[in-house]
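Q: Spelled out from the first residue to the last, the chains are:
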Amino acid sequence: MEAGKQERKLLLISGLITGSGILTVSFLVKGSLDHATGGTVAGIWLAFLFVHLFLRTTGHTGDPVLLPVASVLTGLGLTLLLRLNSDLFFLQALWLVVGLAGFLGTVVLFQNPGRFAGYKYVLGGIGLILLLSTILFGVDIGGHRSWIIVGPIRFQPSEFAKLFVILFLAAYLSERREVIAFATRRYGPLVLPQPRFIAPLMAVWMLAMVMLVAQRDLGSALLYFGITVIMTYMASGRFTYIALGAFLFLSGSILCYFLYSHVQVRVDIWLDPWKDPNGKAYQIVQSLFALGSGGILGTGLTYGYPKMIPEVHTDFIFAVIGEELGFVGSAAVMLIYLLFIYRAFRIAMKAVNPFSTLVASGLAVFLALQVFLIVGGVTKFFPLTGITLPWVSYGGSSMVANFILLGMLYAISEVRRNHEK
Amino acid sequence: MKNDLLANIRRTAYVLLGLLVILIIYISYVQIFEQDFLKGHSLNRRNIEAAATIPRGKILDRNGEKLAVSLPSKDEKGRFRREYPFGSVAAHVVGYDSVQYGKAGIESSLNGYLSGMNSLERSFGPLARLFGTKTGNDVVLTIDTSLQTIAYQALGNRRGAVVALDPRTGAILAMVSKPSFNPAELSAQWDNISSSKDAPLLNRAVQGLYPPGSILKIMVAEAALSERIATANSFFDCTGSLSIGKDYTLSEDNHTAHGHLSLKEALAVSCNVTFGRLALDLGRNKMEKTFERYGFVKPLPADLQESACKLPKFNNLSDGDLAQLGIGQASLLVTPLRMAMLADVFANRGVMMKPFLVQKIVMADGSVIEQYEPEKWISPANENLANQVAAMMIEVVEDGTGSAAQIRGIKVAGKTGTAENPHGDPHAWFIGFAPADNPQIVLAVIVENGGSGGGVAAPIARKIFLQALH
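Chains as they are written, first to last, in the numbering used here: chain A, 3 to 423; chain L, 52 to 521.
Everything labelled a hint here was simulated from the structure, so no lab data went into it.
Owing to the predicted nature of the structure, the values given are computational and were not obtained by experimental measurement.
In this text, a Cβ means the ideal position worked out from N, Cα and C, and glycines have one as well.
Worth double-checking, as some hints may not be accurate.
[To be verified] Beta-carbon label-pair distances, calculated as ranges:
1) L:Lys411 with A:Asn280: 39 to 49 Å
2) A:Phe52 with L:Gly417: 55 to 65 Å
3) A:Val31 with L:Leu70: 51 to 61 Å
4) L:Ser247 with A:Ser22: 26 to 36 Å
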């Protein structure tokens, strides 16, 4: 029960952080804490407490850091949303509860991860369909053509596709890692894998290029291509895959740069946003102003001007953290992600079989890439890509998908414990 | 083979976690080292937004009259708009504060205090909310609005400038520039104001550059005395013109021959021949030294935003130009403020005070943040010689070209100037002080292309003296 106690303590701390954030915003914006907000926060506390108690009383022994990390990040996201737009706050709280249910369900379903490996082509197929559906039927909402509308439901399939793609890759690669590692063919000075093992890589590469061109979605293209290349490397240990992947992506991107003006614009903005600060580079320049105006300690919650940045509640939420909580706040958030990704890799290294290891490390790699791309994007470290900041940005699909991801990691972490006993 | 897999994952983890650490370091660069650039960037609207929700400090005259105040906006709750009760009268001193067109004058030079943005606690981030500056600080000027108003009215519709100083302290009592503009209507009228060929935005008192003409003779007179070129008992002969070299002749206005006259009489009638002669006798070096002695190459404090005076290249001056310089012509260009300061030397026993416009800066609760004390700037002349020149300046008004500045019962000292220039009629100048035996105010008046200094500028000076000494 050591882990259970740790989890409870950490949840208490994260709950206090959320509570103080919500109180601060409520009092500064409205002068008091209204019943709806107070009730919502109490409900979220109870939901986390319920999940915690349920897992620990039914004998689950997963990593005690995972749930508190999600709690503190969602708490921060809720605090910022209450400050930006209280309607979104309530919706996000609702999605959080749905996400927690998804988390519990995943923990229970994923107790024996190995059995998913058998359905790898089904999983891969679903992942591909989800990705293709946005390419074919995607609807533009708020500047992203990544939405699918089915009757009353609208969601972003690419948020869920990552789970299926990672499961497929883990199953495919864990089965074939020996072959992929050693089946090479020599082309003059080049030692390349045999064509039939490069084929899936090439397929994903083409998919990524289509995303880049048809959907103008550099973020997803990089994420999905990156995860494929890196997981192939992890399974095979052959650096050739990374080199080949980098070469393919770079050459493809350079080609797109010259062929398509929107790719060109993206890159030019990144190279020098001050050339057109009121036009194409408006968003990134406003984001930089927010970060710089925050300085070291920030302006304090509610004292910044986040509404000067378009799309602030989704892609640019990190800029609000930088402005109102300062470098202290933005660095703290980055360190929380760092801790989480570290834990995910640790779970991968201690997992019982290569499939679980590859699933967990795949999830860790995906999160690391996602955080790097969006935070690097809003800080101008990297060309801007429209993706969400996990657990913090507003969005139902993203919230639920990330809680399922959390559930998968949790389940893998406890299989190891059971085994050790 | 399992170990192999774990080693690959470990390597991948190191690279990705390292990438995120690099990103954190980069964010620290943006938020810490680039913060001043980003905070202060002209496109960053945060400063304007913050300023609009905090009442900006008042700008007050020496008697507490309001020159600029922020009042709650009727249209937008929680915001403030700037009002200028004296409108165009003090526009160039007070300046303006426009979202689109920036700031000028005191609104610009003391923006940090007025907006409250430079308060120390601002750098404490969220902790500052505990103390919280809710309003800006008030700026108290040395200006006397009643004198300012009289000077503004006295100039009428003519282009020109007036500077009035307290001779003992250097405090600027009035600073008028015409044509003017209404700072409250600046944004609405910007196109008219900024494109007008009369340049109403130019503060002629400190930025207008003019040839001084004959008013410079008081300095040449002092230089001649101190360099022992002349004494109080020296006499000069004026035949109406002075031939220099083969082909240059310096003439009197209307070719009047002033005849046999003392230095005092020469100043009173503004004899060009005498002062051209004196400049030639002083020579290039001593003339250059004199200009340096009177501070013409020494810049004033930056908040006065003066244009630097243009001095000729003394080494290259021809004899004709040297003689012209003695009567304030040649390529010399000065500002009205500098001419008021020149007159101050003779009102203040040889000492030129440092001119200042801001008396103090006070917080909303009345506590003083900054207090400015009078300061001696330079001492170009000794007291004895300064008093001798002052006596000559009294003669100018009592029995010379400056008689239009006479006031019954009050001794006025002055010097007129009628400065030739390439833009049309001569500029009319008057500089002087009153009462001559106990100076309360020192003045410089210029009317651009106004004609004769004695006829146009001296009567304006008289009106301002009357108001100041009533």
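Q: Name the hints, by number, that the structure is in violation of.
A: 3, 4
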